[in-house]
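Trainee: Each chain, written out:
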Amino acid sequence: MTGHTVGITNFGAYLPRLRLQRKAMAVANAWFNPSIMGLGKGERTMANWDEDSVTMAVEASRDALPAKDPIAARHHIGAVYFASTTMPFADRQNAGILSSALSLPEGIHTADITGSQRAGLSALIFALEKIAAGSTASALVAAADRRSTRAGSAQEFQFGDGGAAFVVARENIAARFLGSHSVSVDFIDHFRGAGEEYDYNWEERWIRDEGYSRIVPRAVKGLLEKTGVAASAIDHFILPCTFAKLDQQIAVKSGIDASKVRDNLSASVGECGTAHALLMLADALENAKPGQKILVAAFGQGCDAALFEVTAAIGKNRPQRGVKGFLARRKEETNYMKWLAFNGLVEMEKGMRAEKDNKTALSVTYRKRDMLFGLVGGKCEKCGTAQFPRTRICVNPNCGAVDEQKPFSFAELTGKILSWSADYLTYSQDPPQHYGMVTFEEGGRFLAEFTDVDIGAIDTGAEMRMVFRVKDFDEKRGFRRYFWKATPV
Amino acid sequence: MATGIKDKVAILGMGCSKFGELWDMGAEELMVEAYLEALGDAGVETSQIQAAWFSTHIDEQSVGKGGTPLSVALRLPNISVTRVENFCASGSEAFRGAVYAVAAGACDIALALGVEKLKDTGYGGLPTGQPGTLLPQWGANGSAPGNFAQLASAYRAKHGVSKEDLKRSIAHVSVKSHANGAKNQKAHLQKPITEDMALNAPIIAEPLGLFDCCGVSDGAACAIVTTPEIARAMGKKEIITVKALQLALSNGLESTHNSWDGSYFHTARIAAKRAYDEAGIKRPREQVSMMEVHDCFSITELVTMEDLFISEEGRAVYDVMDGYYDADGKVPCQIDGGLKCFGHPIGASGLRMLYEMYLQLQGRAGTRQLKNPNIGLTHNLGGSPSMNVCSVAIIGAHGA
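Sequence lines, in order, name chains G and E. Here the numbering used here is used: the first residue of the first sequence is 1, the next is one more, and so on. Here the numbering used here is used: the first residue of the second sequence is 1001, the next is one more, and so on.
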């Protein structure tokens, strides 16, 4: 067991707004594979073209850690662990991007945790044990995935895009960590070789019978024995799994009542890779009562299992939107071509305007890192004018003070549209390109790109919140740059 | 104490190439065409030109950087050639350099020439450039129409103008310019359009349709300037002098400070006030005979009517509809077709505007000649509504 009482203090989630209708997917693919019509039920989350695992992890983390002033409010975070198997960078720490976007202090430990579908839960357990060992007081764990699948594959139907985030600490615990147990075996249900775009999957029946059904119960049994908790005491059983009802069979096999099995969100979200166990845990915590015990397991070259007990503090740090809120923020998408285009599954004619070289001057990116990643501008100490970007000379025509601006974050402020246009000329992956001047009540403004907007639904005066997104892809060099965009509140 | 430019410099000659999609002409041919016309008009020879200012905007597309392309194309006698670039106001900037050199007494005769060869990009619209190393990392990706279209939403919100009324008013701006352009043999677009055509054209950037956007053209324009005394000594009768040359640049206020409401050009109002002061104009609505303004987009022209203090704030939308700026209106605007129809070879545009005012003041504008104009104003803008360069120049008959 752990040295200190540790647990979850905050939790949050993120689901992209678009919900691809599986019926539309099935109809588009049935000519090739008629049996796929059977998968044409419900919907899956569909990331916008400018979202990736890092941007979704940022949103989930913001959901867990709402803050008006992120620089001050998040300074207590001592470590960041990011889990995903679809990290945008193979060699550039992705957790570092996450940390910068959240305006976390630089003197912290950050790491990427990857390589298996259970990496999300592994990261959570790793962070909890690190806190228990006393090396840091609190850590942020975020997991997100946007998995690539071939057009018309079963995985395209089963998967979803999304993320979840947790803050773990020794104090103000909303869900106490009772312990964990892992089984590690090199069971290759699927794999993705280095540099490959898609997974290679083995036979489903083998994965179901020899994999999940044999490996998960061993992890659950070990966990219950280790923690001395009876199977009958489990109130919520979480196991991401794309086989219908297999989670219930495994629960029963482990002595847990089938009614305790949490909905795996397959009808409304799809399975979000390494994030899914954490997404289901966040969903469970949104609805849990003090005293309830939550067992969460994640399969992948073995199985991780962890046990939590909900405390009386569960009502204190609610996520800003949570799974419930993000499920409600949805827009149905029935255009399968758009899905193909957003996911690079079809090569669109982009036109010559898309040939613009998006090479990024990395020394500038570093020099301006708080501006570009944290949306940090300045606030003049002399006249109080907030401004973006931060400059040496105050923009207020009645001030002009030199070197008086202190860092001021715009990331969590709500802005208003002063002017806008929907531009059909500029190249955009999702035309028309919407952008406009967004002004902030606190002072400051900038001409921002808009995202997650619908044609005809934008007007002056509309309230906008800022979101961290991919700004441009540099396909020539395999780089992508991020910046903040405005989206309707 | 500065005394201003009024009547210190005269335009000795001007020239302007045909504008358009000139597939068989490069920048060199365009420069020479404008230059030879100006040279003939001025009645001087190349050896008399003592200094030159050369404007181009897009160096990746046109002629590259530096002053040598002009020096080589015109075989100038190893004089100084300064390349200037200030967005779409580059042509006015070249003129300013030449005029100031003469006013300073640094030379007797100076040349300003602007050129842009745009139709080698392979696609319609202005080419996209690289605005340095920081801006691409955070500035909103957008096009010129998208940036200028921002004015429409802010103008409507400020003045409570309905979407339909504004759309109709800016349609009239374009209908008027097409009617004028149809009388200009050098114009890129010489066909009249109807209001319905403008209203129903495909949207380029909401609410701007195809006919709300100016042409992207190849072209060159040129001015040769000297002092009024030299012009007179050379036998010139109707001497046209510079009355005002003002340039105002954004300093980040519009894009960063909440005091600007997005519906007008902060710089244009400043440049206009300074220009009227310099020219001694007290009542612009009555005293300005005609204007060539930077109608890159119809909405730009509409708000500019207020920025130049011709229409009262919030009234341009109605003045336009009333025909105030039509060829037979009180202050004819874009009598040569404007950027809209004459075309917009960026580096040449400021000089092209002056060319029309110069012809009109001399009574040489052919079928589009206005009745007895004596003050012509040019307004040349570069950048975007929230960050720009604005030039206002006024020329007129010497002594007017």
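Just so you know, these hints were derived from the structure itself, not from any lab. It is possible that part of the hints are untrue.
As the list claims (entries may be wrong) - In silico DSSO-like cross-links for lysine-lysine, where the CA-CA straight-line distance does not exceed 27 Å:
#1 G:K356 <-> E:K1163
#2 E:K1065 <-> E:K1236
#3 G:K359 <-> E:K1158
#4 E:K1330 <-> G:K416
#5 E:K1006 <-> E:K1330
#6 E:K1158 <-> G:K416
#7 E:K1167 <-> G:K416
#8 G:K350 <-> E:K1119
#9 G:K356 <-> E:K1065
#10 G:K359 <-> E:K1191
#11 E:K1119 <-> E:K1191
#12 G:K382 <-> G:K68
Trainee: State for each hint whether it applies.
Mentor: To see whether the hints hold, each was checked on the structure:
no. : hint                : verdict
1   : G:K356 <-> E:K1163  : violated (34 Å)
2   : E:K1065 <-> E:K1236 : violated (36 Å)
3   : G:K359 <-> E:K1158  : violated (39 Å)
4   : E:K1330 <-> G:K416  : violated (40 Å)
5   : E:K1006 <-> E:K1330 : holds (25 Å)
6   : E:K1158 <-> G:K416  : holds (14 Å)
7   : E:K1167 <-> G:K416  : holds (24 Å)
8   : G:K350 <-> E:K1119  : holds (20 Å)
9   : G:K356 <-> E:K1065  : holds (20 Å)
10  : G:K359 <-> E:K1191  : violated (42 Å)
11  : E:K1119 <-> E:K1191 : holds (20 Å)
12  : G:K382 <-> G:K68    : holds (22 Å)
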